Amino acid sequence: MTGARSARDDPGQDFSALLEDSAEDLYDNAPCGYLSTLLDGTIAKVNATLLDWLGYQRDELVGKRRFTDLLTVGGRMYHETHFAPLLRLQGEIGGIALELRAADGRRLPVLVTSKVKTGGDGQAKLIRTTIFDASDRRSYEEELLRARQAAERDRDRLQRLASTLQQTLLPPKLPDVPGMRVAGYYHPASADQVGGDFYDLFPLTGDTWAFFLGDVSGKGAGAAVVTSLTRYTLRAAAVYDPAPAAVLNALNTVLNHEHRGVIKHFCTVIQGLLTPDATGCEVVLASGGHPPALVIRANGALDVLETPGGMLVGALPDARFTTVRTRLSPGDTLLLYTDGLIEARSELTTRFSEEQLQAHLEAMAPTSAQAVTDALAELLREFGQGVDDDTALLAFSIPMIADHG
Amino acid sequence: MVQVDVQRRNNVVVTGRADGPTLLLAHGFGCDQHLWRLVVPKLAERFRVVLFDHTGAGKSDRSVWSARRYASLDAYAEDVLLLCRELDLREVVLVGHSVSAMIGVLAVNREPDRFAGLVLLAPSPRYLDDDGYRGGFSRDDIDELLASLESNYLGWAATMAPVIMGNPDRPELGEELANSFCRTDPEIARVFARATFLSDNRADLAAVTVPALVVDSAQDAIAPPEVGRYTHEQIPGSTLITLDTTGHCPQLSAPEAVAEAISAFAGAL
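Going down the list, the protein sequences come from chains U and Z. Counting in the numbering used here, the first sequence runs without a single skipped number right up to 405 at its last residue. Counting in the numbering used here, the second sequence runs without a single skipped number right up to 674 at its last residue.
No wet-lab data here; the hints were simulated from the structure. The structure presented is a predicted model; accordingly, all values stated were derived computationally and were not measured. Mixed in with the good hints, there may be bad ones.
Partial chain U-side listing against chain Z, Cβ under 8 angstroms, derived [as the list claims (entries may be wrong)]:
id: 1; residue: Asp40
id: 2; residue: Lys64
id: 3; residue: Thr68
id: 4; residue: Val73
id: 5; residue: Met77
id: 6; residue: Tyr78
id: 7; residue: Glu80
id: 8; residue: Pro85
id: 9; residue: Arg146
id: 10; residue: Ala150
id: 11; residue: Asn299
id: 12; residue: Gly300
id: 13; residue: Val304
id: 14; residue: Pro308
Ideal Cβ placement from N, Cα and C applies to all residues, glycine included.
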């Protein structure tokens, strides 16, 4: 059967009756607040929803109050310093969290969007504002804010803990060695984690001093435990038998015992002895897998103290370590460093190579322990984000003759 | 000694007549140099106009900002002087809006010889009420403001933080500056708000020796007219112009009048 259905049968008619909901009624009773103001903020029009939320009568607001009068003090400042300027410059601004103050003093968290209405001549006429109740969202935000603050506090505590722990792994102050200049530097790659780099310098019997500098694999608490063990083993072993290769053998034995059943940490170390005399200093050192120590000679030459065959300490039960000797004369500087330095990346792309380091140092000759660590520390600061590993530096120098006294 | 590149640090923009007298425009708490946009074209006809963003604001180099240094207005005044030295600006008329009016007072008092004059736009030497002084805000009000900055953390961060400038993959976003020039890092905004709203520079006003012009709005929720009058009365020999406009940013609500006031004052020096 065809033909027109009667209006009574048409289910669409009820629907359109609903749609005939007047624009005015929609404005007044919309599920959000509507507010129109003059350019100076004076309220010109406001809908029933907003009046109801705030507990005001229409004639208490229209022509009498400004939009900013409805805001809390903080909101008013924010409005004057951010909201209004942006609205002027952009013609609109959206989704700004503010609080309205109701007639009874209650605060209503809202999200505010405003748009400037311009006339046919392009001149701004009035400001239309839509206001959404954001009470639920605000409590949710406050929850997030609290969680964020708690996380920030935890992070601060972690950083303090990490830096305290780090300090226990380094000597608080390097001792004075007669006739020599000594300088140490430590650059943490991250404030959150304890690095595995360490160094120390301490007197043995008579006129001999022992030193070491090294790098334990890994980071964090596990590495810190091994670093601590390594440090105390090296100090104790040096007292028992100061020969550097013997000290590294002792450490190797201790680390291999330590490993049973746990994640393996090993390290690279240079262990050495200084014997200063009237004209300079005798140096003997042994290395276990560590980048070679460098001597920047007074005349500009650079000696690389290679220790061929020196193995990682703690990796294998029967490791072998090689010893090398040299002599420091006035104007010479001995530098030990960990690989954070040569792995540092400049401009986040190219790595600072061992060759670049050596060229950099040669150009500094003659230098001193303090000058060389200062220069490298500055370089590390310039690398900034490019330094992704910790770096430790330890340097010794004999002052030029003129410096004596 | 590390050389500070002030021009880059403070996103310095120089425009206008190269041979004209120099105006240095300092924006206030909230946005950045964009706030001068409506007055710059007019001023540029007659003056060399130098614009900048305070450290921490706008397109300044935020990496040099630190909470400790910028906890007081002196740091901002030092930045202004450093900028003048680096650009070799002399006979400068410094125009400071809002808190920058007081930053300007601190700067001209330190190096009066460098400045030909000072314009204080919507200034307030002290926002807090005190015995016999009405700044317009109680301690509770200021605490509430600081707390609101705290609680706007998320709303602010969510609506304002998207970094839409300097995205090389999407150059079209450069056009869409929505909200970005008033984008404020919440941490920086908190420190700046504290430095601004807790400062008391009343005693510095009497020390101003350069010619000064005070310009304020008839209606200003942040710096009410009595504060403008107080500022004028305390600065020896200053002039006061109260504009028939509303709001804390007369350079936006009444740009012609502001440009004219600055121009007449600076042109007569």
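Against the structure, the hints:
1. Asp40: holds (4 angstroms)
2. Lys64: violated (14 angstroms)
3. Thr68: Holds, about 5 angstroms.
4. Val73: Since chain Z brings a Cβ to about 4 angstroms from Val73/U, closer than 8 angstroms, the hint holds.
5. Met77: holds (5 angstroms)
6. Tyr78: holds (6 angstroms)
7. Glu80: Where the cut-off is 8 angstroms and the nearest Cβ of chain Z is about 4 angstroms from Glu80/U, the hint holds.
8. Pro85: holds (5 angstroms)
9. Arg146: violated (11 angstroms)
10. Ala150: The hint is violated - Ala150/U has no Cβ within 8 angstroms of chain Z, the shortest such distance being about 14 angstroms.
11. Asn299: violated (30 angstroms)
12. Gly300: Result: violated, 27 angstroms to nearest chain Z Cβ.
13. Val304: Hint on Val304/U: violated, closest Cβ of chain Z at ~32 angstroms, above 8 angstroms.
14. Pro308: Not OK, violated: Pro308/U not within 8 angstroms of chain Z, min 42 angstroms.
The earlier numbered hints that this structure contradicts are 2, 9, 10, 11, 12, 13 and 14.
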